[in-house]
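Chains A and B are the protein sequences, given in the same order.
Residues in the first sequence are numbered consecutively from 1, following our numbering.
Residues in the second sequence are numbered consecutively from 1, following our numbering.
Keep in mind that a hint or two might mislead.
All copies of an identical chain are treated as equivalent in the list; a pair is satisfied when it fits inside any one copy or across any two copies.
[To be verified] With a straight-line cut-off of 30 Å between C-alpha atoms, the simulated DSS-like cross-links for lysine-lysine are:
#1 18 / 115
#2 3 / 209
#3 211 / 115
#4 3 / 115
#5 211 / 3
#6 115 / 209
#7 18 / 3
#8 209 / 240
#9 240 / 115
#10 240 / 211
#11 209 / 18
#12 211 / 18
#13 18 / 240
FYI, nobody ran anything at the bench for these hints, they're computed from the structure.
Protein chains: 2
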Amino acid sequence: MPKTAGIILVGNEILSGKIEDANAAYLCRELRALGVDVRRIVVIPDEVAAIADEVSAFSRDHDLVFTSGGVGPTHDDVTIEGVARAMGVPVVRHPALVALLSRHYGDRLTETHLKMAEIPEGAELAADEALRFPTIVMRNVHVLPGVPEIFRRKFDALRERFRDQPIHLRNVFVRIGEGSLADDLNGLLAAFPLLQLGSYPEFSNPDYKVKVTLESRDRTYLERALADFLARLPADAVVKVT
Amino acid sequence: MPKTAGIILVGNEILSGKIEDANAAYLCRELRALGVDVRRIVVIPDEVAAIADEVSAFSRDHDLVFTSGGVGPTHDDVTIEGVARAMGVPVVRHPALVALLSRHYGDRLTETHLKMAEIPEGAELAADEALRFPTIVMRNVHVLPGVPEIFRRKFDALRERFRDQPIHLRNVFVRIGEGSLADDLNGLLAAFPLLQLGSYPEFSNPDYKVKVTLESRDRTYLERALADFLARLPADAVVKVT
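Generate the whole structure from the sequences, applying the supplied hints.
In structure tokens form, the structure reads like this:
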């Protein structure tokens, strides 16, 4: 079975419309390219109980879980506490992180800074030479920060851990509408039940009316389905195939 | 109690990274401006069971629910069926929608087009003169399409239904980091426990290091909290207050 993933965005700032999240869309693209199937995304407030509930359910239901946001030294940074509660372990200070923070802050190090040395007990510190600060991984839960630049840098450092069998994609752009297309799509799915088939109408594009996406992990199956689909369509319906 | 809202995005195309959703961010901003508290967003696949589970939970837990996507004539448009299952009612054809589609398509009307006349039994058709097609509202669940232009037009037509007491916001931009700020934020929250307080570090902005947001539905309380916060900060820490 291919790997599944779930994404938890922790952020009052997203829910209140102050900030547009960019991390989920990035992660969906990257994981898809690695062959991982993202099954669910949720955005929740900066609240320990809400985070614990989601992390617990996501960790059980998916192979890989990624959290974004809620890590840092202030009152609203409660993701580590939520993950620890989900896993039924206490929050502890990790000596290696304390050492890292001590080196960085020197004499200016405060109790507040030391909040960033906290991890759920038993978590792995996934380090990489390119990273200033390691990523906390608790079982299958990868704790990433909300700031997009750092989020991406940390994901990049771990990327190869997640690679799975690739998902192949073909796109068919047609100049007929979804109403005319629906029977052909249903016929195609009846003949190729394992195909992942998407249909995306475009209302303001002069070049085509619908983009149809065909996907499979089996390239031969995909090409057979594509040929079958093209044979179903009226000759002048196809704008292009990519 | 102010109104709460939840947003359900139905979309394999979002999960697979093909399309970046724009509707949730738009809705968060608009609902916030109306004084509605968005508590949760979820992105799920085009699957009836998943939609039914989420709609059922969201409808119970929030005053207002909005779905985006999965409406249309093709095989992957299953939101109406999911909402109906969540509410324990059958899917039926609405005569007014059949009439609308008949007028639009004339002789070309097919069974496939008629899928767009389906509603959960008992749903309201929220119409507006500016809209070509009414919005389906099942109890507290508002079924909106995924296409952003139409999503916005439909939300606009219903907007005034959702208005609540406004949430007031003040922003304080500071040139000190979160590590130095955390104690002041904790002190402020201890003195003003009803304040909604956010802290957003900015790593690549030369003008300030952290944006602090203070929010409340009570303007006087907010202004008192702001004065208290400014008094806590070192004199040269504040870049600007908006």
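Checked hints:
1. 18 / 115: within (25 Å within a copy, 38 Å between copies)
2. 3 / 209: Neither: 33 Å inside a chain and 39 Å across chains, both beyond 30 Å.
3. 211 / 115: Between copies only: 20 Å across chains, 49 Å inside a chain, cut-off 30 Å.
4. 3 / 115: neither (33 Å within a copy, 34 Å between copies)
5. 211 / 3: Close inside one copy (27 Å), not across copies (38 Å); limit 30 Å.
6. 115 / 209: between (53 Å within a copy, 19 Å between copies)
7. 18 / 3: between (33 Å within a copy, 19 Å between copies)
8. 209 / 240: Answer is within: at 12 Å inside a copy they meet the 30 Å cutoff, but 49 Å across does not.
9. 240 / 115: between (55 Å within a copy, 28 Å between copies)
10. 240 / 211: The answer is within: 10 Å in one copy meets 30 Å, while 48 Å across copies does not.
11. 209 / 18: For residue 209 and residue 18, only the inter-copy Cα distance (17 Å) is at most 30 Å; the intra-copy one is 34 Å.
12. 211 / 18: between (32 Å within a copy, 11 Å between copies)
13. 18 / 240: between (40 Å within a copy, 18 Å between copies)
Going through the hint list in order, the structure does not satisfy hints 2, 4.
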